[in-house]
Amino acid sequence: MDRVASRAARKHHPLNAHFDLTYRCNERCVHCYLDHEDHGELTTAEILRVLEELAAAGILTLTFSGGEIFLRPDFFEILAAARRLHFDISLKTNALLISAEHAARLRESGVRSIQISVYSDEPAVHDAITKIPGSHERTLAAVPLLVAQGLKVKLACPLMPQNLLAYRGVMALAEKLGASYSFDPTITPMMDGSGGPLIHRVSTAALLPVLQDPVLSACYPRPAAQTDAAMPSGKPVPSLTSAVSSGFEFAAYEDIPCSAGHNSVYISPYGDVLPCVQLPVPAGNLRRQRFRDIWYHAESLEQLRAVRDSQLPVCGSCEIRSYCERCPGLALMEGGDVLGAYERACELAEQKARLAGVAHPLSALHAPGATARQAVGPCKTNFLVTTDNSFYRKGHDA
Amino acid sequence: MRKTIRWQKNPIVAWRAIDGETVIISPSDNVMHELNETGSFIWRQIDGRCSAAEIAGMLAAEYEVPPEDALADTEALLQQLAASALLVTAAAADGAAC
Ligand code: SF4
Ligand code: SF4
Numbered sequence: 001m002d003r004v005a006s007r008a009a010r011k012h013h014p015l016n017a018h019f020d021l022t023y024r025c026n027e028r029c030v031h032c033y034l035d036h037e038d039h040g041e042l043t044t045a046e047i048l049r050v051l052e053e054l055a056a057a058g059i060l061t062l063t064f065s066g067g068e069i070f071l072r073p074d075f076f077e078i079l080a081a082a083r084r085l086h087f088d089i090s091l092k093t094n095a096l097l098i099s100a101e102h103a104a105r106l107r108e109s110g111v112r113s114i115q116i117s118v119y120s121d122e123p124a125v126h127d128a129i130t131k132i133p134g135s136h137e138r139t140l141a142a143v144p145l146l147v148a149q150g151l152k153v154k155l156a157c158p159l160m161p162q163n164l165l166a167y168r169g170v171m172a173l174a175e176k177l178g179a180s181y182s183f184d185p186t187i188t189p190m191m192d193g194s195g196g197p198l199i200h201r202v203s204t205a206a207l208l209p210v211l212q213d214p215v216l217s218a219c220y221p222r223p224a225a226q227t228d229a230a231m232p233s234g235k236p237v238p239s240l241t242s243a244v245s246s247g248f249e250f251a252a253y254e255d256i257p258c259s260a261g262h263n264s265v266y267i268s269p270y271g272d273v274l275p276c277v278q279l280p281v282p283a284g285n286l287r288r289q290r291f292r293d294i295w296y297h298a299e300s301l302e303q304l305r306a307v308r309d310s311q312l313p314v315c316g317s318c319e320i321r322s323y324c325e326r327c328p329g330l331a332l333m334e335g336g337d338v339l340g341a342y343e344r345a346c347e348l349a350e351q352k353a354r355l356a357g358v359a360h361p362l363s364a365l366h367a368p369g370a371t372a373r374q375a376v377g378p379c380k381t382n383f384l385v386t387t388d389n390s391f392y393r394k395g396h397d398a
Numbered sequence: 001m002r003k004t005i006r007w008q009k010n011p012i013v014a015w016r017a018i019d020g021e022t023v024i025i026s027p028s029d030n031v032m033h034e035l036n037e038t039g040s041f042i043w044r045q046i047d048g049r050c051s052a053a054e055i056a057g058m059l060a061a062e063y064e065v066p067p068e069d070a071l072a073d074t075e076a077l078l079q080q081l082a083a084s085a086l087l088v089t090a091a092a093a094d095g096a097a098c
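So the protein lines, in turn, are chains C and D.
Under the working numbering, the first residue of the first sequence is numbered 1, with each subsequent residue one higher.
Under the working numbering, the first residue of the second sequence is numbered 1, with each subsequent residue one higher.
Please note that the accuracy of each hint is not assured.
Here are some of the chain C residues that sit facing chain D, going by a computed Cβ distance under 7 Å [claimed, not checked]: (1) ASP2; (2) VAL4; (3) GLY58; (4) LEU85.
These are computed hints drawn from the structure, not numbers from a lab.
Idealized CB from N, CA, C, for every residue including glycine.
Let's have the full structure, built from the sequences with the hints guiding it.
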């Protein structure tokens with residue numbers, strides 16, 4: 001997929017869409033960034049029209065997420081339409097509502113993968129995070145139903161202080177259930193900008209045992225190709241990537257911060273188009289505009305596409321760039337500048353460089369004389385380890 | 001008499017024409033397949049009604065390849081795609097027109 005993804009990014013062809021069908025949810029997770037009230041979701045007819053526009057524009061991989069997607073009574077109708085339009089479909093769900101019949105329908109619909117949020121192997125820890133008693137048991141009951149249908153299931157575990165050391169238990173659980181897993185301590189502010197969820201963020205120091213865990217570093221994905229050839233490095237570098245990335249990040253892009261707005265797009269339940277769920281830069285609305293017009297003409301997307309990593313005002317000269325998983329969306333939300341550096345990314349990059357054996361690693365933001373373009377705000381991190389394989393590639397010539 | 005096989009695209013595979021090429025993803029095995037321009041031409045004609053010979057005829061007309069080469073290439077690709085479960089045999093409606 002790397003070749004396809006990088007070509008799409010170079011030509012700005014839309015390839016991946018993350019479509020939140022609702023922000024309503026049947027859990028109340030302590031760290032959630034969403035407003036769960038329905039402020040006028042797209043209707044079934046509107047969603048089907050949007051799907052047609054996405055397919056016509058060339059979107060291939062489509063992730064349905066929320067909120068909880070199974071709360072939409074028309075979910076299977078939407079799924080059937082997505083199948084008819086030949087999308088590669090993935091889902092994100094808490095699985096509370098998934099029955100054996102649903103699992104069979106998901107397989108028939110050609111769903112490729114399903115990501116399920118699981119916070120711990122201990123029910124009490126999980127249920128305290130979701131605030132729904134019994135949710136751990138119900139969520140885990142759905143996994144064998146899906147696996148029995150041959151569906152690929154991944155347990156996604158956001159890491160917070162209350163479940164930080166549960167990751168080994170979640171790994172064992174995933175292996176027992178025949179699922180893959182991912183861990184991610186990225187906690188973002190609410191969509192309205194308020195910082196409530198941030199109290200559930202793990203400090204960089206507290207993350208150290210996780211970063212040092214040899215079991216996890218064995219499954220770190222390959223780091224992105226870096227341009228900083230001067231970077232001293234001996235040991236493998238943990239590659240930290242986003243919880244909301246398409247999964248096609250590695251080595252697919254040269255000198256651009258990420259896929260957002262280059263070949264990936266986010267659509268809200270209200271039809272708002274953003275480059276990424278984590279990059280709140282409005283590009284347009286699908287109730288008023290056609291997807292193609294937004295994708296090819298929105299000024300905010302044009303500006304984003306002009307950004308080059310090597311020319312970033314602070315990060316462009318950073319000596320530990322190859323250890324950094326800077327996210328433009330978090331740079332904007334935390335520091336107010338989509339082009340800027342932000343404290344959390346720098347702290348983590350320094351930590352990882354140190355672990356890899358670099359003597360006295362210093363980010364450009366912390367270097368003497370550095371002039372940060374922005375005030376340093378509250379920090380979050382952007383980190384994912386996963387057992388997931390990306391695509392294998394086969395070519396056919398006629 | 002050997003019955004003519006007519007193939008159709010497996011309805012659960014994901015695919016998109018991108019830049020003149022075709023990307024196909026099979027959800028069952030997580031494998032991505034890519035077809036070049038002529039492979040994509042053949043993929044477009046696979047509709048459950050055309051036989052390999054009929055598709056090869058169209059290929060030969062479009063790309064000016066000798067008919068026997070077009071047939072060999074078409075049959076080889078159809079076999080390859082079918083082996084990867086990207087195609088399924090169509091419920092043959094007698095006399096269906098290509
Ligand atoms: S904006 Fe951040 S989360 Fe979104 S694709 Fe880019 S790096 Fe990933
Ligand atoms: S470590 Fe800090 S300064 Fe260096 S690239 Fe990352 S965000 Fe920018």
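These are the hints, each one checked on the structure:
1. ASP2: 10 Å, violated
2. VAL4: 5 Å, holds
3. GLY58: It holds, given that the least Cβ distance between GLY58(C) and chain D is near 6 Å, below 7 Å.
4. LEU85: Since chain D brings no Cβ nearer than about 9 Å to LEU85(C), farther than 7 Å, the hint is violated.
Comparing the model with each earlier hint shows violations of hints 1 and 4; every other hint is respected.
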